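A.B. asks: Please build the complex by placing chain B on the supplied structure of chain A, with the hints as guidance.
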Amino acid sequence: MLVVLGFAVLILAVGMVVLFAMFGELSARVAQAGTRPRSTEVAPLEGARLGCVPDTWPAGLVTAGEAPSVLLVLSSACGSCLDIAEQLRDSPVEAEWDDMGIVISTSHQETGDEFVAGNKIGRFPHHVDVGGSWVISQFDVNFSPSALVFEDGQLAAAYIFHDVAALRAKITEASAQLGLPQQDRETV
Amino acid sequence: MNSAFWALAAFDAVASALLINAGVAKLVAPGPLEQAVAAALAAPRGAFGKSAVRGLGAVELAVAVALLVRPTRPAAAIACSLLGCCFVLVGILGVLRRSSVPCGCFGGVSQQPLGWANVGLGALLAAVWPVNALTGPVTVPAYTTAAVLLASIGSAIVCFWLNRRLLVPLFSARRAVQARSEVSLCSSS
Numbered sequence: 101m102l103v104v105l106g107f108a109v110l111i112l113a114v115g116m117v118v119l120f121a122m123f124g125e126l127s128a129r130v131a132q133a134g135t136r137p138r139s140t141e142v143a144p145l146e147g148a149r150l151g152c153v154p155d156t157w158p159a160g161l162v163t164a165g166e167a168p169s170v171l172l173v174l175s176s177a178c179g180s181c182l183d184i185a186e187q188l189r190d191s192p193v194e195a196e197w198d199d200m201g202i203v204i205s206t207s208h209q210e211t212g213d214e215f216v217a218g219n220k221i222g223r224f225p226h227h228v229d230v231g232g233s234w235v236i237s238q239f240d241v242n243f244s245p246s247a248l249v250f251e252d253g254q255l256a257a258a259y260i261f262h263d264v265a266a267l268r269a270k271i272t273e274a275s276a277q278l279g280l281p282q283q284d285r286e287t288v
Numbered sequence: 029m030n031s032a033f034w035a036l037a038a039f040d041a042v043a044s045a046l047l048i049n050a051g052v053a054k055l056v057a058p059g060p061l062e063q064a065v066a067a068a069l070a071a072p073r074g075a076f077g078k079s080a081v082r083g084l085g086a087v088e089l090a091v092a093v094a095l096l097v098r099p100t101r102p103a104a105a106i107a108c109s110l111l112g113c114c115f116v117l118v119g120i121l122g123v124l125r126r127s128s129v130p131c132g133c134f135g136g137v138s139q140q141p142l143g144w145a146n147v148g149l150g151a152l153l154a155a156v157w158p159v160n161a162l163t164g165p166v167t168v169p170a171y172t173t174a175a176v177l178l179a180s181i182g183s184a185i186v187c188f189w190l191n192r193r194l195l196v197p198l199f200s201a202r203r204a205v206q207a208r209s210e211v212s213l214c215s216s217s
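Protein chains in written order, with my numbering: chain A, 101 to 288; chain B, 29 to 217.
No lab work stands behind these hints: they were computed from the structure.
Treat the hints with caution; some may be incorrect.
Some chain A residues flagged as far from chain B (calculated, every beta-carbon gap over 10 Å) [as the list claims (entries may be wrong)]:
| # | residue |
| --- | --- |
| 1 | D155 |
| 2 | Q187 |
| 3 | F250 |
Using C-beta positions, here's what the derived DEER-type ranges look like [said to hold, decoys possible]:
| # | chain 1 | residue 1 | chain 2 | residue 2 | range |
| --- | --- | --- | --- | --- | --- |
| 4 | B | W34 | A | G222 | 20 to 30 Å |
| 5 | B | C114 | A | V118 | 20 to 30 Å |
| 6 | A | D190 | B | L195 | 52 to 62 Å |
A quick note: this is a predicted structure, and the numbers were derived from the prediction, not measured.
Where is the CB? At the ideal position from N, CA and C, for every residue including glycine.
If we strip away everything but chain B, and leave its shape as in the complex, we get:
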């Protein structure tokens, strides 16, 4: 196993981690993205339906998993690049339309509207197929194991980063102590 093998496994794992987080978020909370896309396309609210967003989330999850498995990797890389191109286009559309609706690309915690962040992440995903094509066929059976483990770690890191606003207060011992010991004069709130 050489460095190119590990680099490819890590790159695919990063793309997979992003897709896992994005796909799960769309399955759990499709509403924000549905509204954001409708706003970017100047379509009436609810024009696309939550099931369409959930379908996209399911596709993202499927591509994420397939990208980690050696036999399905080439096809998944193409699908990943196509998804990336779509995200780039939607991001550009958001910039042109000056969208202000939170995109919800990563669920309820995504408060940024469609824009350059989508273009950047879309470009990263779009690069998956070229990178995999340039690397050539992977003959090392350990690719799947390495990619799956790296994607697990990457998914956790991306998840923690996306939800840092929820997590940071939990690690503030001071606030936790305060919350437990607070004696409130309140009789109502």
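Next up, chain A with everything else stripped away, as it sits in the complex:
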């Protein structure tokens, strides 16, 4: 009787091993899917209040009395935002982006702080925006990842992006061609 019970337990153990083998395979496939090339498309973000000047800038975004000219709006809960944070962390070129700030929209201050610390993006001016209240109230932007481009303190353009290098190229191109990246004149 005990032998039968033993084999029953062994069958259960083997079943568990089968389940975990399937989970492992699924995990490996998901990881492979994540290695696909990211999109370099940079598209205008509709609905942002272009021309708007924010009432206040969060202290974390202001460096030496100056607000950043580009604001990346990330969320602690989206995969693309995590990928962008990794690009900022890993690329030495992006690491030297001086006039850029990051807004991390999240549900809790602690979660946003963990996002910043975990991705080592604390060297950039940043603000943890609990509930997305600041970025929504000031710019009506409720989309991430997105980039807000400012000129003389005014919101001049807003973009949806997935690749930081492509975004920088787009901003540079728009600045060079138009002086200001006016979104209403863009055909991206």
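C.D. replies: Below, chain B without anything else, positioned relative to chain A:
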């Protein structure tokens, strides 16, 4: 039942647990090992076929179970040692060829290429027959019961260890709470 009996049952159970995990992984996900062996042998991709890997997995499972049953133990011990020798050779081949392809010996979670780990585990399995031969015939009927129960426990432990990367986040209450309560600004990802 003396200590030698328990030691043998435990040793065979450990070997069986390793074979169960390896065999099941090969049956479920034969692709990684197929690619790793092809890379180690400098053979074209797909030269061996997934059915060959699944066949090896089935053999491993059969040997694992037979090793736990008293009447079939001697034959299974020989087969286990032969499998172990094969694993040692494949591991050495991986070292010599400087293989960089994940071996998949224990499924998708095995990210290490063929190498010294295979040599070590292969040596452990190769030692099964010598240990069983030195111990001599087992006359205690309780061997099967003890070995099966120990192998069940061992299989679970090996499985948890191999899949620790998947399991650890599940036990992080903080992350679980975060995942439930996250309010995302995202409209896309």
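A.B. asks: Run through the hints listed earlier and report the numbers of any the structure violates, in increasing order.
C.D. replies: 4 and 6
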